[in-house]
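Chemist: These protein sequence lines are chains V and D, in that order. Counting in this note's numbering, the first sequence runs from 1 upward without gaps. Counting in this note's numbering, the second sequence runs from 1 upward without gaps.
Watch out, some of these pointers could steer you wrong.
What the hints assert, rightly or not - Chain D is faced by these chain V residues, among others (derived, beta-carbon under 7 Å):
(1) Ile-55
(2) Ser-86
(3) Gln-100
(4) Ile-173
(5) Thr-213
(6) Ser-279
None of these hints come from the bench; they were simulated from the model. Remember, predicted model here, so these are calculated numbers, not experimental data. Every residue gets a Cβ at the ideal spot worked out from N, C-alpha and C, and that includes glycine.
Number of protein chains: 2
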Amino acid sequence: MDVTNGNDHGGIVGGIEAGGTKFIVAVGSGPGGRLLAREQFPTGDDPAALMGRVIEWLAQAGRNHGPLAAVGIASFGPVDLDPSSSTYGFITTTPKPGWQSADIVGPLRRAFPGLPVGFDTDVNGAALGESRWGAARGIEDFVYVTVGTGIGGGGMARGRLLHGLVHPEMGHISMPTLEGDTFAGVCPYHGRCWEGLCSGPAIARRAGRPAETLEPDHPAWEITIRCMAHALATITCVLSPRRIILGGSVPKGGRLGQDGFFRRLQQHVRGVLAGYVASPSLEEAGIADFLVPPALGDDAGVCGAIALGQAALATGAER
Amino acid sequence: MDVTNGNDHGGIVGGIEAGGTKFIVAVGSGPGGRLLAREQFPTGDDPAALMGRVIEWLAQAGRNHGPLAAVGIASFGPVDLDPSSSTYGFITTTPKPGWQSADIVGPLRRAFPGLPVGFDTDVNGAALGESRWGAARGIEDFVYVTVGTGIGGGGMARGRLLHGLVHPEMGHISMPTLEGDTFAGVCPYHGRCWEGLCSGPAIARRAGRPAETLEPDHPAWEITIRCMAHALATITCVLSPRRIILGGSVPKGGRLGQDGFFRRLQQHVRGVLAGYVASPSLEEAGIADFLVPPALGDDAGVCGAIALGQAALATGAER
Numbered sequence: 001m002d003v004t005n006g007n008d009h010g011g012i013v014g015g016i017e018a019g020g021t022k023f024i025v026a027v028g029s030g031p032g033g034r035l036l037a038r039e040q041f042p043t044g045d046d047p048a049a050l051m052g053r054v055i056e057w058l059a060q061a062g063r064n065h066g067p068l069a070a071v072g073i074a075s076f077g078p079v080d081l082d083p084s085s086s087t088y089g090f091i092t093t094t095p096k097p098g099w100q101s102a103d104i105v106g107p108l109r110r111a112f113p114g115l116p117v118g119f120d121t122d123v124n125g126a127a128l129g130e131s132r133w134g135a136a137r138g139i140e141d142f143v144y145v146t147v148g149t150g151i152g153g154g155g156m157a158r159g160r161l162l163h164g165l166v167h168p169e170m171g172h173i174s175m176p177t178l179e180g181d182t183f184a185g186v187c188p189y190h191g192r193c194w195e196g197l198c199s200g201p202a203i204a205r206r207a208g209r210p211a212e213t214l215e216p217d218h219p220a221w222e223i224t225i226r227c228m229a230h231a232l233a234t235i236t237c238v239l240s241p242r243r244i245i246l247g248g249s250v251p252k253g254g255r256l257g258q259d260g261f262f263r264r265l266q267q268h269v270r271g272v273l274a275g276y277v278a279s280p281s282l283e284e285a286g287i288a289d290f291l292v293p294p295a296l297g298d299d300a301g302v303c304g305a306i307a308l309g310q311a312a313l314a315t316g317a318e319r
Numbered sequence: 001m002d003v004t005n006g007n008d009h010g011g012i013v014g015g016i017e018a019g020g021t022k023f024i025v026a027v028g029s030g031p032g033g034r035l036l037a038r039e040q041f042p043t044g045d046d047p048a049a050l051m052g053r054v055i056e057w058l059a060q061a062g063r064n065h066g067p068l069a070a071v072g073i074a075s076f077g078p079v080d081l082d083p084s085s086s087t088y089g090f091i092t093t094t095p096k097p098g099w100q101s102a103d104i105v106g107p108l109r110r111a112f113p114g115l116p117v118g119f120d121t122d123v124n125g126a127a128l129g130e131s132r133w134g135a136a137r138g139i140e141d142f143v144y145v146t147v148g149t150g151i152g153g154g155g156m157a158r159g160r161l162l163h164g165l166v167h168p169e170m171g172h173i174s175m176p177t178l179e180g181d182t183f184a185g186v187c188p189y190h191g192r193c194w195e196g197l198c199s200g201p202a203i204a205r206r207a208g209r210p211a212e213t214l215e216p217d218h219p220a221w222e223i224t225i226r227c228m229a230h231a232l233a234t235i236t237c238v239l240s241p242r243r244i245i246l247g248g249s250v251p252k253g254g255r256l257g258q259d260g261f262f263r264r265l266q267q268h269v270r271g272v273l274a275g276y277v278a279s280p281s282l283e284e285a286g287i288a289d290f291l292v293p294p295a296l297g298d299d300a301g302v303c304g305a306i307a308l309g310q311a312a313l314a315t316g317a318e319r
């Protein structure tokens, strides 16, 4: 879908933010007061049963708030985004118990025949939501990264969501070893990849207690932020985004605070790039507008799911 | 420009591959026998004088081979790609003597009033050429990387060339330190970034002599290839390309040979990804089609410049 054409249609759309811990379901036409109803369900280990509850809730919400014009799903992954694939709309190789090869789109199609169904990764969904209503309005090239239990990234290039061979798996890029850092990382696949070094569980393992309990001057914050700066500089070099939106629980910064977290991270990103990429956005005066939190806050995901539904409606995609 | 619409128009187009060592100029409508004439000029340190010689050659070639319908330039950088900028079409902050703030597009516009002028980075140009005639035909999401004196990357996402804040600077991503590797790297900005570790000059510094003289089992090959695998895995995680095209002098592999170089690199890329990104393209049987040399070989650059001219013609862009 070319989301530059995906304007709001005014209709009521269902959105499903499918996360590894909980599913958030909503109906509406956008953020804030345009979210008419929402509910959440624990993800559990039985996709078919959960999708049944989600569908039941959406059907009732559609009866309460006007007929649904479309549904969008922004899902944890990896997911199959290839419309020509027999497993399109499935969660594929996740280690999450019960969720390997779980069909997410199929039950919705069967429950709501003919309804356009949009489907993408959780981070591409959030990126689309931020593009329509948040921190990426009017920006064709940007990245949305979430740092929490895991790390994932999505975004747009030239106004289109990043897809490709599978979809971006930005959390698993290779990382430098900072001087004196002997931490082995927590990623079961790569050890010291970005997710292995900077996710919430990585910080907790490094510090011996959860990130949100750490003092602002705890050394785990400093080394985590310095590592993260390398990852964001790498993304800047590969994609040349005009903005990076950084969501999730870790950038809230715990006792360090979101402002403190972002200020330190922004300076370290500038330090890693070392002036090589010449842009006002990467200078002292511009970096605060280059690396930002999501404008939709914790609603980025479910609003993104609604935006995916709207985009499917706009393109007439019944999927 | 949306290159998916950029079909050949049959006309004769001028192409300029603007490199840091030489400028290759050609007229034609594509690769092979469709390249009607070509010439090259040393880049030197006087952009205005060089552009004068280039323009003179193009004007004469246009008289010999039919009127020029457009001109395309694929340039070393960094370059200004923002059409709304007062320095659009300039090479900007290069350390190359004489070339800071050098206007490349302006002289062509003045010499050929009204002629569409396409302009992009050398690697985006090569990517476009490979997309039209080479190893990326029919692929909307791919990356083109060149590894030689420097390292640069371009490509397409969803069928559009990667632009953004500036343009990708893939050669400067952060890199892990492989066990036992104490090499400081050669990048004046970042030391051990990808270019600092794996460019031709980096290999020569590491080995004490040029890459092309090294025995196939020289340890500098092994560590360079292992480092490069991390960079290509990172690009795979950030962009999810369906194919990576790797050109330039280093992947020719010197006495190791191109086939040997690619085979070893392909296996190390699989090793770094460790099976996390699930795709047949990254499996043993698929990797040889995922990471490939340019199909246009050494003509990728100048054919890409012609493709940029054709794309400007197709979109009617007078720039």
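Chemist: Report the numbers of all earlier hints that the structure fails to satisfy, in ascending order.
Modeler: Going through the list in order, the structure violates hints 1, 2, 3 and 5 and respects the others.
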